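*Asks:* In case you want the letters, here they are:
There are 4 protein chains.
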Amino acid sequence: MTATRLSSKLRVAIVGATGIAGQQFVDALRDHPRFAIAVLAASERSAGRPYGEALRDAKTGALRWWCADAPPAHVLDLPVIAGARLDAEEVDLVFSAVESDVARELEPKWAATRPVVSTASAYRYEEDVPLLIPGVNLDHAPLLHVQRKRRGWRGFVVPIPNCTTTGLAIALKPLHARYGVERVAVTSMQGISGAGRSPGVVALDILDNVVPFIPGEEEKVARETKKILGVLGEGAIVPAPCVVSATCTRAAVLEGHTEAVSVALGGSCSPAAAAAAMREWDGGIRGLPSAPKHLITVLDDPFRPQPRLDRDADGGMTTSVGRLRPDELWPHGLRFVLVSHNTKMGAAKGALLLAEALDRDGYL
Amino acid sequence: MTATRLSSKLRVAIVGATGIAGQQFVDALRDHPRFAIAVLAASERSAGRPYGEALRDAKTGALRWWCADAPPAHVLDLPVIAGARLDAEEVDLVFSAVESDVARELEPKWAATRPVVSTASAYRYEEDVPLLIPGVNLDHAPLLHVQRKRRGWRGFVVPIPNCTTTGLAIALKPLHARYGVERVAVTSMQGISGAGRSPGVVALDILDNVVPFIPGEEEKVARETKKILGVLGEGAIVPAPCVVSATCTRAAVLEGHTEAVSVALGGSCSPAAAAAAMREWDGGIRGLPSAPKHLITVLDDPFRPQPRLDRDADGGMTTSVGRLRPDELWPHGLRFVLVSHNTKMGAAKGALLLAEALDRDGYL
Amino acid sequence: MTATRLSSKLRVAIVGATGIAGQQFVDALRDHPRFAIAVLAASERSAGRPYGEALRDAKTGALRWWCADAPPAHVLDLPVIAGARLDAEEVDLVFSAVESDVARELEPKWAATRPVVSTASAYRYEEDVPLLIPGVNLDHAPLLHVQRKRRGWRGFVVPIPNCTTTGLAIALKPLHARYGVERVAVTSMQGISGAGRSPGVVALDILDNVVPFIPGEEEKVARETKKILGVLGEGAIVPAPCVVSATCTRAAVLEGHTEAVSVALGGSCSPAAAAAAMREWDGGIRGLPSAPKHLITVLDDPFRPQPRLDRDADGGMTTSVGRLRPDELWPHGLRFVLVSHNTKMGAAKGALLLAEALDRDGYL
Amino acid sequence: MTATRLSSKLRVAIVGATGIAGQQFVDALRDHPRFAIAVLAASERSAGRPYGEALRDAKTGALRWWCADAPPAHVLDLPVIAGARLDAEEVDLVFSAVESDVARELEPKWAATRPVVSTASAYRYEEDVPLLIPGVNLDHAPLLHVQRKRRGWRGFVVPIPNCTTTGLAIALKPLHARYGVERVAVTSMQGISGAGRSPGVVALDILDNVVPFIPGEEEKVARETKKILGVLGEGAIVPAPCVVSATCTRAAVLEGHTEAVSVALGGSCSPAAAAAAMREWDGGIRGLPSAPKHLITVLDDPFRPQPRLDRDADGGMTTSVGRLRPDELWPHGLRFVLVSHNTKMGAAKGALLLAEALDRDGYL
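Residue numbers (the working numbering), protein chains in the order written: chain A, 72 to 435; chain B, 72 to 435; chain C, 72 to 435; chain D, 72 to 435.
No lab work stands behind these hints, which were simulated from the structure alone. Check before you lean on any hint, since a few could be wrong.
Since the list gives no way to pick out one identical chain from another, each pair is judged satisfied if it fits inside one copy or across any two copies.
As the list claims (entries may be wrong) - Derived DSBU-like pairs: lysine-lysine, alpha-carbon spacing no greater than 30 Å straight-line: (1) Lys-180 x Lys-130; (2) Lys-364 x Lys-180; (3) Lys-180 x Lys-80; (4) Lys-220 x Lys-364; (5) Lys-130 x Lys-291; (6) Lys-291 x Lys-220; (7) Lys-180 x Lys-291; (8) Lys-80 x Lys-130; (9) Lys-130 x Lys-220; (10) Lys-130 x Lys-364.
The model shown is predicted, which means the values in this text are computed figures rather than measured ones.
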């Protein structure tokens, strides 16, 4: 299968293809009905080598591939190019899974001519950049027109949020839409795959342990959640006027972020009503190839959700919520626990779902 | 070493001696200057066997001993008696580490003649029973006189709180004393040794996982924290008028409970002021044999406290606090993370420290 | 879907249905083309309750289900009966996943009228009982005729081996067939799910640890491997005349048994020749519904096989072999590492594959 | 405390002081009666910063300190120099804990004037370099005189073996001395701290897993064990004429190497006799400050040794042996399991013990 033979599909480039998020893009695009991998790009170090070789540890020769299924055979031979030399015009769409500093420099170059869907944080907080979660705030997408015009680009940059924000914003959205979210206290227990690229979390740090700090994470969760729950104003998003207070910790869990949430709502909402609101939420993503059956799955078993048991539900694309109960901290308080798959809905597959929605809605 | 040779020491019985908490009593009383183990009691199943035999797994013969140091040689030969047949008058003090239903039935029998210091929850919520943490609320101890009188006992029952309450109440106390604690939101990530007796947490449940529910735990934390921070009134404790809202989870950590805390205070308190208040707190336990140098240790490294690195600080008797920072959730909000050793300060060694304080203060 | 509607399928009973192996039977029989679950049986304690209820922890109410996919909806309502009251004539085949002592008592009762395929060890070592691994020694199956005749049964009992034996015997078979296996030294690092029923491995025992002893396991591995590699003689299996020396340990791995094997062969065999022999081995199971594409998968990456990455290969039904290299311990020595899925090929799914083979070959 | 005030102590330099092994040197030398830390050296990157600063992660600021006890306060302020600029004459002894390539280049420079005790592998296999384990083969030490003379050095280089070799050679030595070791098959399950410097083992690789390959390790174990069990000949060690065949794996264990050993002896030796030989072995290290009470501890509990329970026995300096049983693989076969602390006896503390022995015997 080569991109040239797939004239009916959009040709995509994956940049940062050797990292965890990049691999997840490769994995998620396996047999995709609408997008075909045309270019793989990574750092200068990997450039010029076939993808299968670039995945190997320089010292030990081990294949450093993090997805459950083996890499698709046909991509192993694709030559990796340096991200800095990617000519975006050769493809229809760029999936960017690079580090933030690289994203800041290179994403505008690609966006000059092509849409860039990014997992990087570099442009998340710019005024003319919407921070999109399909099913939650696709109504912010028209801001992309403003971005294009203002920056003189033919393409655009659209980032997805931090993986810890994703599950939180999804679970809050149906409550916010109906009752108004006023205050949020959240403690995350995050899986180690969320630490991203090599070396990621060192085993000596996390075995038999909890690490109570992830630099920058809490600020991202607060800022991004408010932006995503906000409304599209004149050329910018007006953040939701709520307070979000987070403690982000790392747990000895391979994948899946668990979050204990306490929320103050603007009106009375029983646990049953909250469950119904979450279960009924239709975020307008039904029918997209990567969409879960339900954006949110509410579990009645009080011992759920658990990251190992629930992270892969619905292809890792649903947010599992449980332990819904009143919270006497606030007049209209509610507590719950959620599990979200940080490297699926929270990263590449979530970005892919976003691209599918943008494609459907005419943005690509 | 036998009890009879130790005429200057108080003779103690440990009931529930084969469980984790009971073993920690045995371990903590090794070479104790003031108490000597005279009697070991456990369930009917263990009765009549030497302690060293009773510790063995019936099926496999493995020694089921959970403390870091091997059991003291001289106790391995002590015959275990059934708790139900313990004649409390043969000893000066009973350490009770039995399950709650057993405690409910047997502790009053022992208390009829002797003081009972208990890790069980059975009597924690009775009106005339103080719930004591040395260094925090020893001023509630006079309630024991009321208890004795009301129940016609020569002894008394004094429980320590749930291990998750312990660290929380200790960390809050200096803030409560100075500023008043109004609201508390806490998420715990608890070590597996806290699940107590065999079989405890099953490995298949917790490896690569977080379990978001521990039955009964959240109610205990709320109720006990308010009682401990309360004031001694007429024949009863008047609970502190604060709200405590908890989510208790189990993490893949051997020992040590980590708690992410968000607290609303009655007045303005900077992180630095909070740290100072905690560091300076002198709970009146200095000089007791099992007392830590500091009841609370405040760490400046943002990656601390971590359960594996900090649980054993000061013999597992200090509460390690870190990540002190403002919390915009509330007008006078503060956030922090604490680590407390659940089977040391939070269980047997904490009960031992309490017994030492009661001994010093003339209650034994 | 109920059994009565499935007249073309064989009706099966699963006994021990609430344990791990029993659950794996339930899971493996989901939509099976040839067998339909008609009866679920377990201990007296579970009897009379719907399966979905019997799976719940008595104390906490948690669903104790260990498979990755949720239990098939239609079985949750099936009433559980006591294994002792199972009338085998109501079904066509019994899958027995009970403890050994229960198997010893009950399997003959069922076998009097129906075939019993068992994961229990009770009858593995009887003279007229073959110990079958499909793809390895189905040529031992005719011994079932002897068994029937000798015992006056209409059915029979056919056990599968211990889960640690399974991977070893499979990997050795192609070598044994061509070169003759003379001596085997094996060290296993076994996953915790292999410890079977509640409570299984206690988390406090295995986190940050290796347990170097599994009672009875080493003897089983030695005895069973020799029987499986043996030849069918007059009314009995003549064991292979090799020495098998095992050290069986438990590792902090959820599922999958890893085995480091050193083998002395009867003739010269290069690693490449061994790999070819393993890859080419056709055990006569092709086309069976639960059969893997390859009974053995040989990996060239020196860091493989790894239990987490390889246990689920080919539905958990292939044995992954790697690190093939000469072993100078013996004249014709070979070393390798294997990973086998202990609760799939090594338990229920392996038993199911065996039943499929026996069905095809006219034994059912 | 500064080195200049400690005129009665030998002044030592630790090179590679920021890595795990280097930290263990710093930790082990705390209050040492005979050696005082005078110089800390590391890579160019750390040079010029106080040790406490050099230990911090560049990106996150976290203190990367791996020992249980906090670093001694007085060393935190010591300036770190670049190893390449160490003037060995400023100290009396160099402890080298650098990577092998660095060792190859720099150790000869230091050895020109001062003794170098090294954990690196660079010179382990040179003809005039003994590979010493105190208590096992101090009778090889006179080879250092040959080395000095041949190389024209005033000092010398003496490496300790690989941490996996250490426990194996110690356990075999009493058997070898009495019966002769002819063949050894060993499977190691190694703790992650053995992977050394940053980043060490990545958490995503080892959680819920076993990694069956450690590059170079098996060759080291074979070669080093034979050299250590060999005899001192004319200007070189004559290796023991035995075969050592190893499979080295990495397990999800923080510290401690577990090894399953199968050994063919030259004569008949019952498990009891082997246990007695091990228990009685007096390696001539009694009385040295870092020496364990017993070089080998033999455990009767069949579930021991376990790395978490036994690694710290006797300060991490004893090798714990259990599961001694006959091995029918060979005429005089024996099987056992051992646990050795890879970063204590197997690294810095072992090197320190060696230095103590060399000091006592007049080599320093």
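*Asks:* Would you mind marking each hint as holding or not holding in the structure?
*Replies:* Hints versus structure:
no., hint, result
1, Lys-180 x Lys-130, "between (33 Å within a copy, 27 Å between copies)"
2, Lys-364 x Lys-180, "neither (36 Å within a copy, 47 Å between copies)"
3, Lys-180 x Lys-80, "within (23 Å within a copy, 62 Å between copies)"
4, Lys-220 x Lys-364, "neither (36 Å within a copy, 55 Å between copies)"
5, Lys-130 x Lys-291, "between (35 Å within a copy, 18 Å between copies)"
6, Lys-291 x Lys-220, "within (27 Å within a copy, 58 Å between copies)"
7, Lys-180 x Lys-291, "within (25 Å within a copy, 51 Å between copies)"
8, Lys-80 x Lys-130, "neither (38 Å within a copy, 41 Å between copies)"
9, Lys-130 x Lys-220, "neither (47 Å within a copy, 37 Å between copies)"
10, Lys-130 x Lys-364, "neither (43 Å within a copy, 33 Å between copies)"
In summary, the numbered hints that this structure violates are 2, 4, 8, 9 and 10.
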